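Start from the sequences, fold in the hints, and give me the full structure.
Once you know that position 151 of the sequence shown is 151 in the UniProt record's numbering, the rest is easy, because the numbers rise by one and skip nothing.
Please keep in mind that the hints were generated in silico from the structure rather than gathered at the bench.
Computed from a predicted model, the values in this text were never measured in an experiment.
Be careful, since some hints might not be right.
Said to hold, decoys possible - In the SDA-like style, the derived pairs of lysine to any residue whose C-alpha atoms are separated by at most 25 Å in a straight line are: (1) Lys142 x Ser161; (2) Lys223 x Ser204; (3) Lys146 x Ser165; (4) Lys267 x Glu285; (5) Lys211 x Pro302; (6) Lys223 x Asp209; (7) Lys145 x Glu169; (8) Lys2 x Lys146; (9) Lys27 x Ser76; (10) Lys5 x Leu32; (11) Lys2 x Ala13; (12) Lys94 x Gln172; (13) Lys6 x Val83; (14) Lys6 x Lys145; (15) Lys145 x Thr72; (16) Lys274 x Glu169; (17) Lys29 x Lys149; (18) Lys2 x Leu20; (19) Lys6 x Arg141; (20) Lys267 x Val320; (21) Lys211 x Leu234; (22) Lys27 x Gln155; (23) Lys94 x Gly22; (24) Lys94 x Gly286; (25) Lys142 x Gln14; (26) Lys27 x Leu152; (27) Lys29 x Phe3; (28) Lys211 x Glu306; (29) Lys18 x Ser76; (30) Lys19 x Cys87; (31) Lys274 x Gln164; (32) Lys33 x Ser76; (33) Lys223 x Val206; (34) Lys26 x Gln14; (35) Lys26 x Ile150; (36) Lys146 x His162; (37) Lys145 x Arg34; (38) Lys211 x Leu309; (39) Lys5 x Leu78; (40) Lys19 x Leu122.
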Amino acid sequence: MKFCKKYQEFMQAQDEKKKLPGVGLKKLKKILKRCRRRDFPCQSQMMGLCDESKSPTDGHVCPQLCPVCDGTFFPSLLQEMSVVVGCFNDRARKLLELHLASGFQKYFMWMKGKPQGNHVALIQEGKDLVAYALINAIAIRKILKKYDKIHLSTQGQAFRSHAQSMHIEILQSPWLSELMAFHINMRETKMNSRKAPALFEGCSLVFTDGKPSLSCEVFDSIKLDIDLTCSICLDTVFDPVSLTCGHIFCYMCACSAASVTIVDGLKAAGHKEKCPLCREAGVYEGAVHLEELNILLSRSCPEYWEERLQSERVERIRQVKEHWEFQCRAFMGV
Numbered sequence: 001m002k003f004c005k006k007y008q009e010f011m012q013a014q015d016e017k018k019k020l021p022g023v024g025l026k027k028l029k030k031i032l033k034r035c036r037r038r039d040f041p042c043q044s045q046m047m048g049l050c051d052e053s054k055s056p057t058d059g060h061v062c063p064q065l066c067p068v069c070d071g072t073f074f075p076s077l078l079q080e081m082s083v084v085v086g087c088f089n090d091r092a093r094k095l096l097e098l099h100l101a102s103g104f105q106k107y108f109m110w111m112k113g114k115p116q117g118n119h120v121a122l123i124q125e126g127k128d129l130v131a132y133a134l135i136n137a138i139a140i141r142k143i144l145k146k147y148d149k150i151h152l153s154t155q156g157q158a159f160r161s162h163a164q165s166m167h168i169e170i171l172q173s174p175w176l177s178e179l180m181a182f183h184i185n186m187r188e189t190k191m192n193s194r195k196a197p198a199l200f201e202g203c204s205l206v207f208t209d210g211k212p213s214l215s216c217e218v219f220d221s222i223k224l225d226i227d228l229t230c231s232i233c234l235d236t237v238f239d240p241v242s243l244t245c246g247h248i249f250c251y252m253c254a255c256s257a258a259s260v261t262i263v264d265g266l267k268a269a270g271h272k273e274k275c276p277l278c279r280e281a282g283v284y285e286g287a288v289h290l291e292e293l294n295i296l297l298s299r300s301c302p303e304y305w306e307e308r309l310q311s312e313r314v315e316r317i318r319q320v321k322e323h324w325e326f327q328c329r330a331f332m333g334v
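Below, the structure written as structure tokens:
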């Protein structure tokens, strides 16, 4: 089955109440198809570089700079990607907030009705959101690959890099790793899920040479792997946090890289502070604490977790003590 048809079937299988936005593959393909068939003059035609006597089937392709494609294709895709990742982030955040809430807070959230449904429905929604993120990521990758093939260019790849810098690449979302961890944590829960297109075999925590990663097998021979090794301490991420650029670090390591203490937190980081990996600035203020991933790793690596817990407790106490000593000296004018 062709991907476009599978994508449409998946989106149609979603409940009408969800109203999940998607990528307009048909519309984007029509734009590229018009350009390939030269229904509208491309740049080389306007500059007199094309042989007008040739038929559309003579191997003509649109040039790298084309007002027909670039004026409609990229703006449309950019808007759709922004809507998709915004919807995904919002729904994933609300779902995980409800799952991690306890006592009166959870009761209050249920009464407000976000989201509606019982515990089983909550788990199923998490699984559906992972599938939604993955299939939209594949759709975007495929349409950009088709753009580059028609234009004999690498502008599609460049656009994807631009989307990552704008934080609208869905695989870059911190909520995706959180939902994958949520899916693994809830795996043993029995539920009667409705029939839906099989997009992935499920998520798993994989250890390779002692290094953990979140892995997800997707249809069409595509595999998603999220490395869970902190690039600062070079160990399994402890008390993990995801920066807005998508890179995951230990919370204390991220604080150290941002030149802030754990008392002040990452929100106190300066706008010029950069990610240790990609060197992007201003990525600390919107960092997301990965609670579900924290639970998963603490269960999977109990001995390591207890060891890190003890060592970090000592460091946290030291930083808190230094902070209050400094505050006292400042208050007394010493």
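Hint check:
1. Lys142 x Ser161: holds, 15 Å
2. Lys223 x Ser204: holds, 12 Å
3. Lys146 x Ser165: holds, 22 Å
4. Lys267 x Glu285: Holds: Lys267 and Glu285 sit about 4 Å apart, inside 25 Å.
5. Lys211 x Pro302: holds, 15 Å
6. Lys223 x Asp209: holds, 19 Å
7. Lys145 x Glu169: Holds - the C-alpha atoms of Glu169 and Lys145 are around 15 Å apart, at most 25 Å.
8. Lys2 x Lys146: holds, 14 Å
9. Lys27 x Ser76: Holds - the C-alpha atoms of Ser76 and Lys27 are around 9 Å apart, at most 25 Å.
10. Lys5 x Leu32: holds, 18 Å
11. Lys2 x Ala13: holds, 17 Å
12. Lys94 x Gln172: OK: Lys94 and Gln172 at ~18 Å, within 25 Å.
13. Lys6 x Val83: holds, 21 Å
14. Lys6 x Lys145: The given pair, whose Cα atoms are some 18 Å apart, holds under the 25 Å limit.
15. Lys145 x Thr72: Holds: Lys145 and Thr72 sit about 17 Å apart, inside 25 Å.
16. Lys274 x Glu169: holds, 19 Å
17. Lys29 x Lys149: Roughly 12 Å separates the two Cα atoms, so the pair holds.
18. Lys2 x Leu20: holds, 21 Å
19. Lys6 x Arg141: OK: Lys6 and Arg141 at ~15 Å, within 25 Å.
20. Lys267 x Val320: Status holds; Cα separation ~17 Å.
21. Lys211 x Leu234: holds, 10 Å
22. Lys27 x Gln155: This hinted pair holds, its Cα atoms lying about 19 Å apart.
23. Lys94 x Gly22: The hint holds at about 20 Å.
24. Lys94 x Gly286: holds, 16 Å
25. Lys142 x Gln14: holds, 22 Å
26. Lys27 x Leu152: Cα-Cα ~21 Å, so holds.
27. Lys29 x Phe3: holds, 13 Å
28. Lys211 x Glu306: holds, 17 Å
29. Lys18 x Ser76: Holds, at about 22 Å.
30. Lys19 x Cys87: holds, 10 Å
31. Lys274 x Gln164: holds, 16 Å
32. Lys33 x Ser76: Measuring from Cα to Cα gives roughly 15 Å; hence the hint holds.
33. Lys223 x Val206: holds, 13 Å
34. Lys26 x Gln14: holds, 19 Å
35. Lys26 x Ile150: This hinted pair holds, its Cα atoms lying about 16 Å apart.
36. Lys146 x His162: Satisfied, since the Cα-Cα distance of roughly 18 Å is no more than 25 Å.
37. Lys145 x Arg34: holds, 17 Å
38. Lys211 x Leu309: Holds, at about 19 Å.
39. Lys5 x Leu78: With Cα atoms ~22 Å apart, Lys5 and Leu78 stay inside 25 Å; holds.
40. Lys19 x Leu122: Cα-Cα ~17 Å, so holds.
Of the numbered hints stated above, none is contradicted by the structure.
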